[in-house]
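Enquirer: Make a model of the complete structure from these sequences and hints.
Chains as they are written, first to last, in my numbering: chain A, 36 to 212; chain B, 104 to 271.
There could be a bad hint or two in this list.
[Stated by the list, open to error] Here are some of the chain A residues that sit facing chain B, going by a computed Cβ distance under 10 Å:
| hint | residue |
| --- | --- |
| 1 | Q58 |
| 2 | T59 |
| 3 | A60 |
| 4 | A68 |
| 5 | G90 |
| 6 | T174 |
| 7 | P175 |
| 8 | N212 |
What the hints contain is simulated information worked out from the structure, not anything from laboratory work. Idealized CB from N, CA, C, for every residue including glycine.
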Amino acid sequence: MKKIALSLAALSLFAAPAVASAQTASATVTASATVQASLTASTTHQLKFGTLAMGSSSTLASSGASQAALSGLSTAGLGQIQIGHNSNVNVTTTVPTVLTNSTSGQTLGFSASCATASTSGGTGTAAASCASFSFNAATPGTVQSTYVLVGGTVTGNAASGVGIFSADIDFTFTAAN
Amino acid sequence: MARRTGTSALFGGRGAWLLAALLALLAAPCPALAQGTVSVLPVQGLRFGMLSTGMPTVISPLDAGRRATVELVGSGHVTLLFELPRGLRAGADGPLLPLRFGATDGRVTFPGSGTVLVFDPAAPVSFTLPPGGATIWLGGSAEPASAQPPGAYDAAITVHVVVANPAT
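Expert: Right under this line is the structure:
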């Protein structure tokens, strides 16, 4: 009888309802996304020094109270680029050191100055250097316009003769998130 | 004929074997507990990629390149619970990019059988993990606002696995 009782006891260990227990484990994965910036740029005015006397220099200030008007079809004035953006923007610029007469090959010295304004032709805030500067989005995420005003100085040189002197100033705008 | 006593039933012949087996059951690591151990292995995050402002993007749980993937290895009866973020953030205190998880954005696949279990990641889901393990896939939707600030956004999705052992 004891043998049978012992066997039943042993079997009951296997047959009895299990005592509940639980283990836990966890893992984490990352969800990610990049919201791309909206960025457009268009030149609205060219930088024009107009007609200068041979050998004379001219400066167009891009910022502050002395700011010159924007250039018209035939009038001297600042260059301007309109940038539509919804994030901060970094700007790099390649500024030529001379303006070149494409007919004679003669050159005039040149340097540029840059400023930013929130309205077309508005009072500009000077950039420390045209070569590299930045401006912010007042309301990140909302597309807004900022205007880059471009002035500069052309250095007269009578030896360069007469004619049309020109050069390209290349701007690169990069959205900074 | 000799008559076995209680003592001889416990310590001699088959009784001794039975006692040894009982002691072994009490002393040895429980086999059921060992079988109920499950490892959770993160494989891939939920990748929404490049989004445009105001343009919702949906990732299907069947999108192998972008869905989140987690592997379960082991066996036992398991319950999955997801901690789903309200949205992605650009930095700790940055703007929120809302996320949404639908009722069919969760999948559990069992490689051994080819069975697929569709589930709502917002609710717990339970199943028995076969020896071959299982793979969890998670999709979802990102809903950037029209004025969503540009930038890189992320958030953590945590899956908790509770393993219920049938016996200890």
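Enquirer: Now tell me if each hint is right for this structure.
Expert: Quick rundown of the hints versus the structure:
1. Here the hint on Q58 (chain A) is kept, as its CB sits about 4 Å from the closest CB of chain B, short of 10 Å.
2. The interface hint given for T59 (chain A) holds, since its Cβ lies 5 Å from the closest Cβ of chain B, which is under the 10 Å cut-off.
3. Hint status for A60 (chain A): holds, given a least beta-carbon distance of 5 Å to chain B, under 10 Å.
4. Given hint, A68 (chain A) at the interface with chain B, holds; its Cβ is 4 Å from that chain's nearest Cβ, closer than 10 Å.
5. Of the supplied interface hints, the one on G90 (chain A) is violated, with its beta-carbon coming no nearer than about 50 Å to a beta-carbon of chain B, more than 10 Å.
6. Against a cut-off of 10 Å between C-beta atoms, the interface hint on T174 (chain A) holds, since the closest Cβ of chain B lies about 7 Å away.
7. Of the supplied interface hints, the one on P175 (chain A) holds, with its beta-carbon coming within about 4 Å of a beta-carbon of chain B, less than 10 Å.
8. Of the supplied interface hints, the one on N212 (chain A) holds, with its beta-carbon coming within about 4 Å of a beta-carbon of chain B, less than 10 Å.
Checked against the numbered hints given earlier, this structure breaks only hint 5.
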